[in-house]
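Those sequence lines, one after another, are chains S and A. Counted from 1, the first sequence has number 197 at position 197 by the working numbering; the numbering is strictly sequential. Counted from 1, the second sequence has number 128 at position 128 by the working numbering; the numbering is strictly sequential.
Quick caveat, the hints were computed from the structure, so don't treat them as lab data. Do not rely on the hints blindly, as some may be mistaken.
Derived Cβ-Cβ restraints for the label pairs, each shown as a range [stated by the list, open to error]:
hint : chain 1 : residue 1 : chain 2 : residue 2 : range
1    : S       : 47        : A       : 142       : 30 to 40 Å
2    : A       : 75        : S       : 202       : 50 to 60 Å
3    : A       : 109       : S       : 46        : 26 to 36 Å
4    : S       : 216       : A       : 219       : 24 to 34 Å
5    : S       : 10        : A       : 132       : 44 to 54 Å
6    : A       : 136       : S       : 53        : 38 to 48 Å
7    : S       : 15        : A       : 224       : 44 to 54 Å
8    : A       : 98        : S       : 46        : 32 to 42 Å
Backbone N, C-alpha and C fix where the C-beta goes; we use that ideal spot for every residue, glycine too.
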Amino acid sequence: MNSKSYSLFLKDFKSELRTRYAINALAMFIIVAISVILFSVGNEKISPSLTGGLFWVVIFFTAMSGLSRAFVSEEERGTSLTLQLIAAPSTVFLGKLLFNIILVFAMNTIIAVLYSAIFEAFIIQNFVLFLVSFVLGNIGLAVSSTIIAAIIAKAGAKGTLYPVLSFPILLPLILTSVQLTLFSLDGISFERAKFELAIVVSYDIIMLTASFMLFDFIWKE
Amino acid sequence: MIWKIFLFLLLAFVSIAGIAFPIVEKPSAWYEFPLIPGLEENAKIIFFHVPTAWLTVVAFFMSTIYSFKYLRKKNLDDDVKSYAAAQLGMIFCILATVTGAVWAKFAWGSYWSWDPRQTSIFALLLIYGAWFALRSSIESEEKRATLSSVYSMIAFVTVPFFIFIMPRIMTGLHPGSADDSNAGPVVDFKMNGNMQLIFFLSLIGFTILYFWMWNVGYRSILLREKLDKKLIRG
């Protein structure tokens, strides 16, 4: 099962590199989103906690813009039936999840780098905490976004319904990750952030388990 | 029939007791409530606010149970029962939010302050709204039932966090948050004896009312579907 998922992931990855459609669109979206924030803020001085919150706003909307492609593109190109025939549901889900995880990490690294460069108030004092919460948060974001993408791809609702369905599911993750980002900006020690980290870890595990168990029902027509 | 009369009497008593019983400094008669400084007359909203919040979680839980049953047996009746439960859950969620906001206005000064428990009831409202939006976007009956059941179960794993964990660990204004020295008036049984009685009668009465409404609701939807199918087949 592992090598099949990896080949599925490789197929998506290579076709993405060939056309570079998603990467370009998402990179432009990130630049546009950050520009909108810059223009709306104008010359106002924003506090570090506000930049921490806005960081996750950009992450959320970029994820909503880019992560549904994993399943919606299969439906649009008519290849989802083929996929159903050649692989077990959990294999397909794992392959798509791997692709989305790589995509989320790439996007969020770009966002973090741009944020540090553009907003002077965004200075990470506790880098280890930021890195750990970054990794855990990205995994949770990818897992939830992938399962919701599977749902809307089958529903035929595509773009507008995706943020509507994802936001309540992602809310625990976003609330806790914003807290963790603020902690790392303020330089709070790793020890004191253990509770929030535990929440993110349990969110990741719970969503991963629930998604694997429920994907079979979505995928089989 | 008998239990419907009993339910009517129970809810009538709860409503009259909840609204009309006077709040005095030193309660001497069985029908008098003690005075809580700062809340005075407005403490009576607890008889209506907590049951509606409780019922919205019960309704959501039932909706998820019937979603789970549907996914196992693919019986569309289970999907109808899930839908009827969610409809009622949405109504109670709106009621809980509104009564909560009203209570917040005179207890904390503003209708909405993003207190953790207010945030979590808002998140529940979003989950219900997203569920209905998903349902209305799918035409085919089986697909609609399958996808909304899956979403209901995914949303349900986040609900315990919102309802039971988050409001109690985060600092906030609502009773039972990390700021409070106790777990709130309901869990810790800090209310006066007769207030407790009226409160639990209210909780029981509203729960029975919910089950009755849900029963009538899903049966009427099933009947309507049966009639529609008869009309089509001529």
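Hints, verified against the model:
{"no.": "1", "hint": "47(S) / 142(A): 30 to 40 Å", "result": "51 Å, violated"}
{"no.": "2", "hint": "75(A) / 202(S): 50 to 60 Å", "result": "33 Å, violated"}
{"no.": "3", "hint": "109(A) / 46(S): 26 to 36 Å", "result": "27 Å, holds"}
{"no.": "4", "hint": "216(S) / 219(A): 24 to 34 Å", "result": "32 Å, holds"}
{"no.": "5", "hint": "10(S) / 132(A): 44 to 54 Å", "result": "39 Å, violated"}
{"no.": "6", "hint": "136(A) / 53(S): 38 to 48 Å", "result": "32 Å, violated"}
{"no.": "7", "hint": "15(S) / 224(A): 44 to 54 Å", "result": "47 Å, holds"}
{"no.": "8", "hint": "98(A) / 46(S): 32 to 42 Å", "result": "34 Å, holds"}
Hint check: violations occur at hints 1, 2, 5 and 6; the rest are consistent with the structure.
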